[in-house]
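**Student:** Keeping the supplied structure of chain A fixed, place chain B upon it in accordance with the hints.
Here the protein sequences come in this chain order: A and B. What the first sequence shows, in numbering that gives the first Met the number 0, is residues 0 to 293, in sequence order. What the second sequence shows, in numbering that gives the first Met the number 0, is residues 0 to 293, in sequence order.
Keep in mind that the hints are not guaranteed to be accurate.
Note: identical chains are not told apart, hence a pair may lie in one copy or across any two.
No farther apart than 16 Å at their CA atoms in a straight line, the calculated lysine to aspartate or glutamate pairs in the EDC-like style are these [stated by the list, open to error]:
no.	residue 1	residue 2
1	Lys137	Asp84
2	Lys196	Glu100
3	Lys196	Glu218
4	Lys137	Glu103
5	Lys137	Glu247
6	Lys196	Asp160
In short, the hints are calculated from the structure, not lab data.
There are 2 protein chains.
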Amino acid sequence: MSETITVVGTGLMGSAVAKCFARAGHRVTAWNRTRERMAPLSQSGIVLEPDLPTALRRSRLLFLIVASYEVAQELLQTVTEVLADRVVVNGVTGTGLQAREMAEFISAHGGAYLDAGIMCYPLDIGGPAAMIKFGGHKTAWEQYSRTLLALGGASGYLGSDPALPNVTDAAMAGAFYNVALGAYLEAASFGATVGLKSADLAPIAIHMMGLLGRLLRDEATPAIDRGRYETDQATLDVYIAAVRHWREELLNAGQRCGLMSANLHNLEVARAAGYGGHSIYTQFLTNGVERKAS
Amino acid sequence: MSETITVVGTGLMGSAVAKCFARAGHRVTAWNRTRERMAPLSQSGIVLEPDLPTALRRSRLLFLIVASYEVAQELLQTVTEVLADRVVVNGVTGTGLQAREMAEFISAHGGAYLDAGIMCYPLDIGGPAAMIKFGGHKTAWEQYSRTLLALGGASGYLGSDPALPNVTDAAMAGAFYNVALGAYLEAASFGATVGLKSADLAPIAIHMMGLLGRLLRDEATPAIDRGRYETDQATLDVYIAAVRHWREELLNAGQRCGLMSANLHNLEVARAAGYGGHSIYTQFLTNGVERKAS
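Next up, chain A with everything else stripped away, as it sits in the complex (with noise of 0.2 Å):
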């Protein structure tokens, strides 16, 4: 079904979300602070509407995606007599206090509110690699969920707190994939100090990554979410020693170990907590406000 839609925000992301909505056959309204940003859209068939009251009367379906939660406010407060009966979607990046807030400024003026994590570069938008996570009113994620998931091939619901996907990305972009990335920067570091290039070890990298995404999905994943931390394999002081090994091993060759030393840190802490003789993925009992096995 076509839809019409504003798109606020035309940056490189908010570009990429106007046009796959527009070659998706929706009717798209864009509009940016500065226009000048606008222009290079007006060849996909979208109208540029320099007045933002206007540009958000033109549609039901209104999709923010400015530089934070400070400008979105900022723009939104603006605007409040046209907010009734919209659906807001907003995919700027911020803490999952903010998302709820804005929730409820968004409902106090009439409208719904959907959060969106937006976890893929802009040139994914609208391909299989592209996964947008949406939290937030129900019945309104129920109306447009197909044209939202149209942006992405791996996109979906998280529920109805609109928390959720802001936590998710601070979760999986920053608690996660920024800090794999860093620990293959140290790996690289390490391996350049006998001369392997990244070309040797990003291959490498790229397949113990598929390794592990079976342990997160076969193993880490019932172990967490059952609370059931005996294991057949190694246990954590097996790993601990492992662990201590292989940093021994770069901090002899002149590495830093930064992440490498967080890292046995972390054992240790849950070794510390009487997990010695369970799995390793008790670390996630003892990464914050201790829980206990069930």
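**Tutor:** What follows is chain B alone, placed relative to chain A:
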């Protein structure tokens, strides 16, 4: 071509290797210190030989896979007279230095040495997901590469330095893989504070590892291997702001953020070295002995 191969050590990995060789049509002899542990191999057409010198004499190609370099060294000291003209492939995990010492020892007794870094699980051996990286004696490698590559679809030869497989293993299994796993467990701990399950997060992590693999191959590798750190994407300064933001959110939820804090520190060290306006891959330059961008 059918070879005669002796496998020394029949733990989980040694047994997998011996069975894979037998399946490929080679004549395989196995030896293990604890005889009873060899028993399951008798059904695979493998000759179980309780006497080590006899087992070694039977084959020119010897595959060692015991608990440690110390154990390997101790065993080989008792059979130095049978090492002449043998090719010893060592699958034991150790340091680069240990591998170089072992290579000298084997060479001093007239043999050729290949080190093997096994970067997969026993159940993978022989399949496309198996990866064993070899290093050492070039002529021996050329002679047995077909036989050895059949152990794993993603295997290969790193070069004539016998240290390369152990260094690669410490880099990839130690500095990369187990830190990435720890990072997932920090992410999952945080996700649990708003009720997200590992079953929700693992598919996202798997998806993001696809993106990370592409980044490592197409962006990090050319940057590192050419020493080019200019960027038209997010600079280190911009990235640091995002990482601080994510970390604050986790801290506010009561997380310890061990790895995230270490990662932030790695980024800040790169910035302190003057790379704030360059790409995030400059971490590579400041993770150990400082290097300069070319």
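**Student:** State for each hint whether it applies.
**Tutor:** Cross-check of the supplied hints:
In this assembly of identical chains, the alpha carbons of Lys137 and Asp84 lie at most 16 Å apart only when taken from the same copy (15 Å versus 72 Å across copies). Taking the closest pair of Cα atoms, Lys196 and Glu100 never come within 16 Å of each other, the shortest separation being 48 Å inside a single copy and 24 Å across copies. Taking identical chains as interchangeable, the C-alpha atoms of Lys196 and Glu218 lie at most 16 Å apart only when they sit on different chains, with a minimum of 14 Å there against 32 Å within one chain. Proximity of Lys137 to Glu103 under the C-alpha cut-off of 16 Å is restricted to the intra-copy arrangement: shortest distance 15 Å within a copy versus 68 Å between copies.
Neither within a single protomer nor between protomers do Lys137 and Glu247 lie at most 16 Å apart by alpha-carbon distance, with minima of 52 Å and 29 Å respectively. For the identical chains of this complex, Lys196 and Asp160 are inter-copy neighbours only, at 14 Å across copies versus 45 Å inside a copy, given an alpha-carbon limit of 16 Å.
Hints 2, 5, counting from the list given before, are not met by this structure.
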